[in-house]
Amino acid sequence: MATTPTREVARRVFAREFNDATYTFKESDDDRAPVYALLPTGQRVNRIFVVGTLTETEDVGEDSEYWQGRVVDPNGDTFFTYAGQYQPDAASMLRELEPPAYVSVVGKPRTYETDDGDVNVSIRPESITAVDEATRDRWVVETAERTIERVQACEETDTEYVRMAREQYDQDERPVENYRRTAIEALESLEAEQAEASAD
Amino acid sequence: MTATDLRTHAEEIQEQFSDQLDLTVEDVEERLDTLVNEYKVPTSEARRSVINTYLDEAGMDRDQLGGGGNERKQVGDVDTAEEWIDLKAKVVDLWDPRSDAVAQVGLLGDETGTIKFTKWSKSDLSELDEGEVYDLRNIVTDEYQGQFSVKLNRTTTIEQLDEEMEVGDDEVEIEGALVDIQSGSGLIKRCPDEDCTRVLQNGRCSEHGEVDGEFDLRIKAVIDNGMDVHEVIFDREATEAVTGISLEEAQEMAMDALDTSVVADEMHEKVLGRYYRVVGPTFGRYVLADEFERITETTDPEAVLIKARSI
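Chains E and H supply the protein sequences, listed in that same order.
The opening position of the first sequence corresponds to residue 11 in the working numbering, with each subsequent residue numbered one higher.
The opening position of the second sequence corresponds to residue 25 in the working numbering, with each subsequent residue numbered one higher.
Just chain E, same shape as in the assembly:
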């Protein structure tokens, strides 16, 4: 019955955890098989949805336009997103938007290795849109909740991807507990913002 391929869910993740998701893999040998990034909390990710503050845009291309956007979450951590000729809509958004601005970004995780061997994680955008603060706030709460659920599942269950995360990441150096703290910090900063706004 289900003949239509299922669309990948856009996962919610804060920048700190996303940028730690340096391990990528495919589920099959097929050239066109989707590439997954493995979150340190034990979930595979092929698409993410992010809402944050666009703080800076820059054309870093050499021969042709290649736009870099920095999108910051409430913890002050940065998502990097890159859009070139193959993402014309997202590229023109980055060209036109005036930072700072709240933006929604839907995109695919991509990794690349730098000359000194570090792996950088970024978003290849499918779409970028300017949104309002209420959208950002909702995303923060939702992302905190999804993150906490993943941390909990990671500590209490033993799924394929939880095991994979244990094998691929050094969990002594970067305990999963850190991501729960990230979620709490994000919520607390949102609460502080809201208290400030209602005091004005």
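One or more hints might be untrue.
[Said to hold, decoys possible] Per the computed footprint, the stretches of chain E lying under chain H, defined by three or more beta-carbons under 8 angstroms from a beta-carbon of chain H, are:
1) 86–93
2) 131–139
3) 143–154
4) 196–205
In case anyone wonders, no lab produced these hints; they're calculated from the structure.
Remember, it's a predicted structure, so these values are computed and weren't measured experimentally.
Ideal Cβ placement from N, Cα and C applies to all residues, glycine included.
With the hints as your guide, set chain H onto chain E.
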């Protein structure tokens, strides 16, 4: 009513009683023929009368009667096209037919859900009333883009039942971020042909070839809450409300730009990346946005904080 149609009915009736009565198809056909061609009784009434005669002869109740070759299905079980089935269902909704070829079109429902039905004018069947329950025999299933429907035809019999029926609530409520607008959204053209309404590709209908299309608006969107995804269709009215762009404005925009895609681009900017709550029935893989709202209320972080601190 042609002789072949009567023959089909006769064969079915003969088969239904094959375990109880020693009938020949010719016997049955003769009785039907008398009623239909001599007494000018409608076929469905004739069929009913003949069946009742045989029920009396066999000392049976109507309930004991077999399906007569057709499978008796429930709405939620319809998953194949071009299947002949019997269905007991309530008329949930009647819509205005878009063409003279269609006598009635609307929604049938039972406890398992709802399904679109079409009744052709040329089939010459009796009128269905909204809110009434019917036993429909010999109807055909159809499928278009993953969406199933049933068609009533010349051989269909309609029997109104004096009973209530609870119609399954296949409405869903979903909440999430609108993460994608699929192709085929924006200002589109539909085939003007009878009961077709297919969306044209480069001015062509896949069924009727090159036609003069009629403009319409729709959005095929993906709403994602981080755990699962739903494909949602906003019809013209919903699209106008969610984007603030009317069909007339959309046509003007397209005319100015000499390109219909500007409408979809404008819609991307207005709705992508925001959160929506949508309520509506499911049709195949789609949810039809009957009611929807942009979620703008401030979310309280406290509940999630408590959860986060407790683990």
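Okay, the hints, checked on the actual structure:
no.: 1; hint: 86–93; result: violated (count 0)
no.: 2; hint: 131–139; result: holds (count 4)
no.: 3; hint: 143–154; result: holds (count 10)
no.: 4; hint: 196–205; result: holds (count 5)
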